Amino acid sequence: MAAVAGEVTAPLHRRRLRQGRSRLTRIPPIIWVFLGLGTVMEAFWVAWPTLNTFYYSFTQWDGIGKKVWVGLGNYRGLLHDPVFGKALLDNCIWLVGFGGLSLSFGLIFALALDKPRRGVGVYRALIYLPLVFSLVVTGLFWQTLYKPSGPLDSVLNAIGLRGVEQQWLTQPHLVLYSLLVAAIWHEVGYVMVLYLAGLKATDPELAQASQVDGANGLQRLAFVTLPQLREVNLIVLAIVVIDSLRTFDIVWVMTGGGPNNASQLLSVDMYTEAFTDLQLGYASAIAVVIFLLTIGFVMFLVSRMVRADR
Amino acid sequence: MPRRSWLPALRRSRFHLIMTPVCFIWCLPIIFTVMVSFRSFTDIIEHGLGGLPRSFTTAGYSAAMSGVGTGGEGRALLNSTIITVPTVIGVLLLSSMAAFALSRYRIPGRRAIVAIMLIGNLLPPQVVLVPVVRMVQSLGIFNHLIAPILVQVGFGMGFYTFVLYGFMRTLPEALTEAAHIDGASPISIYWHIIMPLVRPALAGLAALAATWTFGDFIFAISTLQSSSTFPVTVFLFNFQTLYASSWNVIAAGAVLAALPTAAIFLVFQRQMISGLMLGAIK
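So the sequences go chain by chain: A and B.
Here our numbering is used: the first residue of the first sequence is 1, the next is one more, and so on.
Here our numbering is used: the first residue of the second sequence is 1, the next is one more, and so on.
No lab work stands behind these hints: they were computed from the structure.
All figures in this text were calculated on a predicted structure; none of them were measured in a lab.
Certain hints may be false.
[Unchecked claim] Away from chain A, derived, C-beta distances all over 12 angstroms, residues of chain B:
#1 37
#2 40
#3 58
#4 68
#5 140
#6 170
#7 199
[To be verified] Footprint (simulated), chain A over chain B, 3 or more residues, beta carbon under 8 angstroms:
#8 104-118
#9 127-138
#10 146-154
#11 161-169
#12 228-240
#13 265-277
[Stated by the list, open to error] To be clear about the criterion: a stretch of chain B counts as covered by chain A if any three or more of its residues have a C-beta under 8 angstroms from a C-beta of chain A, and this derived list gives those stretches:
#14 21-32
#15 89-100
#16 179-191
#17 208-216
#18 249-262
All residues carry an ideal CB built from backbone N, CA and C; glycine is no exception.
In isolation and in its complexed conformation, chain A is listed as follows:
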């Protein structure tokens, strides 16, 4: 009896299984709704506006009157715009400083706090605490610190650096770097988290083996650990590059791009052109430049990542 039942049910079971598979390929209508809702939101609020930004960038428009087609006029204007030039230069400095220092500090903290031991959890939490504050709040914290004869100057005085006190946010040659420190303070925790994840995935046996072979700490770091972090490096690099191209809140809150364009970044320049000067076409051209820089960097890093995979 049992044998017969088995013979009968087996093919039936197989048939049902096959049906199940084919149902996965034949997509139920409700699944199109599932996919559609989110895709429509993305298309409506991201893809369509992006296309529009490209279109606006070829027009002259104050937001009220008619758009006037000017072809590449806005882009030609950018070439001769000293404020845009300053913003581009500052953003390059920002990219190198913000990217390089966030990456270095994040890696150093991750290496220092990688091994589980007493107190590590508290140290880690304190390092990434700034990450949960909004950039507006971060800006206000640092603004308090930077105020003339404020806490930072008092600390410098107290440790005997009396001559070092500065107008941190109003000196044109200094302001960008003062902002940079605040922005890095906010970013380092994120980078550290990513490196901690990367370190967790490294092979501890390799480090042990090299230790047995007599490699010292620095050698182990340079030749064993860092090569294994290659993929994380690229991800971190992509994140800090994108974040440095979208930096806006912290600058807008602390200096608004001033004094006299001394802390002008691309996104700040774009925002000023769009919402203070109502040059929407021109602002869109700056937005397109930001878009192209972002995509360019990401494409470059992704191609490196694909090569690293092979």
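Dock chain B against chain A, hints included.
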């Protein structure tokens, strides 16, 4: 022989001897701002902003909460919450539905859809800002709290779909197949099988989404106009120009705005960190 006993001890304490001061310096911006926020205005005028506190008062906090001419920070914190809660629920619901469809069914061109979503997630907000403000105006929702909610749900879709897609793809195919054979509908597979399994990821993403939405500045300042609708970020921005010389009030305002996200972090620290890792590694 005694070397062996004190050397590891020194090693251990060397770690703390370095990390404790480093973390203390790291937290100085927070410590100083909290210190200033509890000082009285006269104390700051007399002893300087950088002086050690000689007074303790919550006057700065009450001034920020009443916020003459700005609607008060209580209202702003409420607006932030009204924006944040529906945004987080909306974006996680829609993105998990999309990720479910993309990871469990052979949607034609799904790789292209995921790639487009990923690119959308990488874009700086500035790229879409001008058209988005125009669209908000023509929809008639300019200066309504629904505007930043819709914009942020749309703008967040890419990131959350991408992360959840990566997460759901790792779940064994057999799970859903078995449910299909038992005649479960796609909705019930999504809700009763997949969603409970991705709950850890969802918790992390929800905590992240909440802090990010709560901290949004650029979409709020571009789509809202009056102090009755401003979330706390925009409120603080206007507040610091209005109260430019009352540093204790500004500091108190900043601390108040930092508290909700700091609380989320303290409660959901583990989930948030794993959420961040998910976003990068998947």
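- Query: Quick check: which numbered hints come out false for this structure?
  - Reply: 1 and 11
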